[in-house]
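*Asks:* So you can see what is in the structure, the chains are spelled out below.
There are 4 protein chains.
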Amino acid sequence: MGRAKKVVLAYSGGVDTSVCIPYLKQEWGVEEVITLAADLGQGDELEPIKEKALKSGASESLVIDVKDSFVKDYAFPAIQANALYENRYPLGTALARPLIAKILVEAAEKYGADAIAHGCTGKGNDQVRFDVSCAALNPSLKILAPAREWGMSREATIAYGEKFGIPAPVKKSSPFSIDKNLLGRSIEAGVLEDPAAEPPEEIYQMTKAIADTPNESEYIEIGFTKGIPTTVNGTAKNPVELIETLNELAGNHGIGRIDMIENRLVGIKSREIYESPAMIVLIQAHRDLESLTLTADVTHYKRGIEDTYTKLVYNGLWYSPLKAALDAFIHQTQERVSGTVRVKLFKGNATIVGRWSDNTLYTPDLATYGAEDQFDHKAAEGFIYVWGLPTRIWAQQDR
Amino acid sequence: MGRAKKVVLAYSGGVDTSVCIPYLKQEWGVEEVITLAADLGQGDELEPIKEKALKSGASESLVIDVKDSFVKDYAFPAIQANALYENRYPLGTALARPLIAKILVEAAEKYGADAIAHGCTGKGNDQVRFDVSCAALNPSLKILAPAREWGMSREATIAYGEKFGIPAPVKKSSPFSIDKNLLGRSIEAGVLEDPAAEPPEEIYQMTKAIADTPNESEYIEIGFTKGIPTTVNGTAKNPVELIETLNELAGNHGIGRIDMIENRLVGIKSREIYESPAMIVLIQAHRDLESLTLTADVTHYKRGIEDTYTKLVYNGLWYSPLKAALDAFIHQTQERVSGTVRVKLFKGNATIVGRWSDNTLYTPDLATYGAEDQFDHKAAEGFIYVWGLPTRIWAQQDR
Amino acid sequence: MGRAKKVVLAYSGGVDTSVCIPYLKQEWGVEEVITLAADLGQGDELEPIKEKALKSGASESLVIDVKDSFVKDYAFPAIQANALYENRYPLGTALARPLIAKILVEAAEKYGADAIAHGCTGKGNDQVRFDVSCAALNPSLKILAPAREWGMSREATIAYGEKFGIPAPVKKSSPFSIDKNLLGRSIEAGVLEDPAAEPPEEIYQMTKAIADTPNESEYIEIGFTKGIPTTVNGTAKNPVELIETLNELAGNHGIGRIDMIENRLVGIKSREIYESPAMIVLIQAHRDLESLTLTADVTHYKRGIEDTYTKLVYNGLWYSPLKAALDAFIHQTQERVSGTVRVKLFKGNATIVGRWSDNTLYTPDLATYGAEDQFDHKAAEGFIYVWGLPTRIWAQQDR
Amino acid sequence: MGRAKKVVLAYSGGVDTSVCIPYLKQEWGVEEVITLAADLGQGDELEPIKEKALKSGASESLVIDVKDSFVKDYAFPAIQANALYENRYPLGTALARPLIAKILVEAAEKYGADAIAHGCTGKGNDQVRFDVSCAALNPSLKILAPAREWGMSREATIAYGEKFGIPAPVKKSSPFSIDKNLLGRSIEAGVLEDPAAEPPEEIYQMTKAIADTPNESEYIEIGFTKGIPTTVNGTAKNPVELIETLNELAGNHGIGRIDMIENRLVGIKSREIYESPAMIVLIQAHRDLESLTLTADVTHYKRGIEDTYTKLVYNGLWYSPLKAALDAFIHQTQERVSGTVRVKLFKGNATIVGRWSDNTLYTPDLATYGAEDQFDHKAAEGFIYVWGLPTRIWAQQDR
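Sequence order for the protein chains is A, B, C and D. Just so it is clear: in the first sequence, position 137 is 137 by full-length UniProt numbering, and no numbers are missing. Just so it is clear: in the second sequence, position 391 is 391 by full-length UniProt numbering, and no numbers are missing. Just so it is clear: in the third sequence, position 306 is 306 by full-length UniProt numbering, and no numbers are missing. Just so it is clear: in the fourth sequence, position 137 is 137 by full-length UniProt numbering, and no numbers are missing.
Careful, some of the hints might be misleading.
Since the list can't tell identical chains apart, any single copy or any two copies may satisfy a pair.
Unchecked claim - Straight-line Cα separation of at most 20 Å, EDC-like style, residue types lysine to aspartate or glutamate; simulated pairs:
#: 1; residue 1: K378; residue 2: E149
#: 2; residue 1: K344; residue 2: D68
#: 3; residue 1: K163; residue 2: D68
#: 4; residue 1: K25; residue 2: D373
#: 5; residue 1: K163; residue 2: E86
#: 6; residue 1: K226; residue 2: D398
#: 7; residue 1: K311; residue 2: E193
#: 8; residue 1: K378; residue 2: D16
#: 9; residue 1: K163; residue 2: E381
#: 10; residue 1: K142; residue 2: D376
#: 11; residue 1: K344; residue 2: D212
#: 12; residue 1: K5; residue 2: D194
#: 13; residue 1: K180; residue 2: E241
#: 14; residue 1: K142; residue 2: D398
It should be emphasised that the hints constitute simulated quantities derived from the structure, not laboratory data.
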């Protein structure tokens, strides 16, 4: 008997996941492979992918458009969490994985499969995200990861595929490993593996080089309701539109490129390039609106919460009880994070130049240096007496 | 008897601190006022200041150049701590206050004064920084803050000064309140008190507007030794030179402007504009070098340490036992943070495009997707089994 | 015109708060004083208190029984938070203050008062808790704290009261300052001000000395539902009963005494003695049940949340947005914290000797060393490879 | 060729580690096995162990007394860190592992071995502690863990040993798995695997049952210098003596038993019983002395540091850069933690009843309620104004 009877395979249409189909059946004794391709706004044509799967031996080929849920249920909470892994990466790929896992599990349950499969290798973060998410959603399903075990080189993989009618890729494969969806692109491998070398311009698609951006700045206004972005320049946008609009606007001004040395969960450092125009602008704008509408202690404490949230998501623990508790914290803080942020886009810079909110905690009569100042200056003396008392006692003790 | 006999007053040469001299003597019965002006690279001419103090009634007028110590002992540790208050402000003013307090206390001890005085009002952060720093360094000294109590308007202050021969300022006073030193400028008040309004271009001095910056990018290389910046483009620089050079280079490309709503220690929000070219570039470069030379757990844990460190410094607790313990933590982490960071300066952007170090923890043979990969892919399965086990058990329990 | 027109005064019946009534009217020009005494289970007779207030000049004397809300809405959330200030003090007094503030504000709103008053001095934590809670609940109300300003000694206070018909206390006043309610007693001052001296036995009322406790141990079982204690020895108890029962049971075995040096919010250390039998047993039992029903990461992360929660409550920020967000986090974690804990009470020790839950995450088949072991031992090797990799790389780099 | 040529094996003298000797040689092709037994005060006779190893086929049998270093370099820093894993377990076993790893590596380097071996199975924490510690100290050494792979039952192991002249254990093996050293005993397995069942009295050796303890309390005084315990009842003790003395004194009063559900690093919960009299008393006393000599902010912040420190040690990261940085923090805080703590030992309770220090930060003149009070009560009003301001603004905004 094989490792599983019926498998739902996460499918991209590329050679690697295509080869998984005959491999699972031939080598691991799987009887039936159903493929599932998720439309996350990666821009591939999905009809051909569908056919490709069937030709490669799949018994069923599912294509599911999850763009709306992707933005609403995964990207927007991440914006509320100001989620930037290691202060830089807005989690584009990491946010997609738990959603794909969710529809894989749903399909497995619907079609009576006893396993999930994916094409990840053993060195990345995505395998962890798939495996742990599936375990969280349905721990009775097996998880198969053929590419983690087969040990075939790229050439061997292609040759193996050709034996089962999977055509070799026509164009020479990119030297880079790329993942793309609505939230951005991640680019790694090739010359990028040298942390000292500047990334070549050719790797970017969503963002212009600064030299090629308009010579005029552009102002945009982003409206938020309870921490969720809802309008651009005063016009309500549905979640997918909103991201697309901002990718367009910010990308045109060269905004959203990231070049970083990143710590992977599996214990190694990797050099990663991202472009993520909408997410970068949205997180910046959201943070700024929070600076107007959250108290100091919430803002400061939330930073630690955000870091932990971001690490959990990066590390594959989207569906976990700690993540749920952090969600509850964050959700509570967003109650009054409504208002508008004005952003100037220019030459790679997204500069917040204004912000306003009905819930503002900025109090002109307390903040002003003008004559209308209402602040009780004499209170400061008492405050400083108490504030400095432990230090004073400690210093006295020292003498 | 007055509030103190002999006072050392922190002196800037402006009307407000000049008026403090007769005020302390006339109203508070101080017998002798010694002024102390610290040269922090604010660019004022200090000889005239010296004279002004004497004319205003000071018995002694001290001017002390502390630029070198300012950078070495205050700015550089802050760079090692990646200190950005509320993720934005590199603490230019906050770092100067404990140093001024230190030389005030030293002068008081040398000249046998029984009090320190400063001209801060009751609403800012600086009063706290002065008062608590002085208490930490010599808790037996009194601290006098006449402007916190006198309640005179600007006009009344000038009029009071004129009675004692302090000339009214010749040029119309700026609508902005500005503090400047080697590390940067802070600008507040006036139209900036409206958080919705874009700051006018005229307030900036150290940074060009992006529209006016060169149309060619410029590459620089910054060398660090144990977390301390030591070279620019391969040339060793002393601390003050290094900051000056980078202010020049980065300011020329429009780098280092900050516009933020900030939470003051005294319980209110204020809108602050900063320009701090060198510090912004240095902290960015330092963080990047850390990403190459620190382990993941140190990097992640240090973020919390950095936030606390930054808050302590902002809140006036530079000389405090918690700050000392955080210093010890940070110092220990910097042991291997040596290497070089390559930065591209262009149109307001300081982009790290390369980094290298003899102490790099980036391991090409483990990171690569190429044939030379040494990573044990099979280990991943065992790792994920253990990593995901709590989530799996929790999910099983749920069913 | 006086400081306020109509005031609601927090009233205990003691000399100090009684004197506040004429003082507010005579010295601060208040027209009408309404007193409010909260029944928190402190065991005083409240009818005489009512009369005393009227005799001392109050226009209205309210007595409100809030015991049920005190336990349900204040103590039980604190148990879910395992709230022990500085790892020791279960917040008995600190939890009462926001509830008293709430009914003060409600009374002020009902009776059209423009101010709240309390009898706290300027050195304790309670003034902060009252003032900030009232500000949070109704920022338009003034807060008056006569004892913070009047500067009268105990003798002067009594003499002042006698002028207005307030009788001097008949029995010699205790050398200790004591606060008591259903959750416990706090005892300070007198000989306790020497941190080196052992507290005298006479100060305790709720707990027996160990030498006097039964020579037989007693087992009890406490049942929790979603983190809330609901049963004792299998019998459902309403909140107040449950606390009373456990105070009785645990106090009889000498459990719940605390002797600590505590850091007050106002910058000083104080020596505090508490006795709090029920709360100590409940928090211990609750923590133990969490060890069975929460995942490791939730347990570990929640510790930091608990510390912050506890500090906020101690520091008077019960009604604050950060507290609300922490509540949301904690509430989410308690979903499965249901089950029973078996506790052995004996000679001052409350020892957990057994625990069980339908939601247990303890998995005998994975935990066992017996033949039925289901744990994948080979996975450990892969796990350790990845877990130790950063350390290994760091060590290699070092050589 | 075998997995290694020459191996240094961590050796206890028991059947399991004895069997490793022939197993490594026969099954894994190791040419030479050197055994190393560390004397950590576990109380076994070590001469017979030495012989046993040679009879079982070891080429060399080392026994090293490391008790002094164990206490000084491992236990004492843990006391300074108040290290209690999950707030309960004082790390007795966890602290021993990095020290054993250190002498294993030293022996390997001295004898030219190319590998280290240990007898841990794949489910515990100790394998991680050995493997990662060895990797940190000498990443070029291989690590062999035969018991993790061999999959033999207890019976099979004994039978395998008998083939190579290793005698079967004479007395029926304990149903419990026990680890013991100077710092305490850990007991698991058998009936303890049921978290609902009370542990049987027979498992304890270092602590009396409360019913059997003296009916008179006993007072002891422990002196600390910079956070290190140095005296008992005024008499200087060397580290090993001090631990032995306190084990004796506290154990006699039934102090130091722990019964807990613990989260292991490998993802499962286990039920663990510990007895650790000296460590429990010392950590309690040390914490109390800190409450007298550390400022509030250091005390509160250190708690988070302590939790992280404790987790790192539990999780095998004693030799790691994050641990080193935490050490630096903790070391800095201990500068003034000198003084004496008076502890009453009675019926399972170690109650701190007094503490004093030349470095005390407890200030009687500020803390007192007596006439000599020096605290500035009026300052409180200003303090509360500022402290409560964010809450007040937030509440006003709400209305």
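*Asks:* List, from low to high, the hint numbers that the structure doesn't satisfy.
*Replies:* 2, 3, 4, 5, 7, 9 and 12
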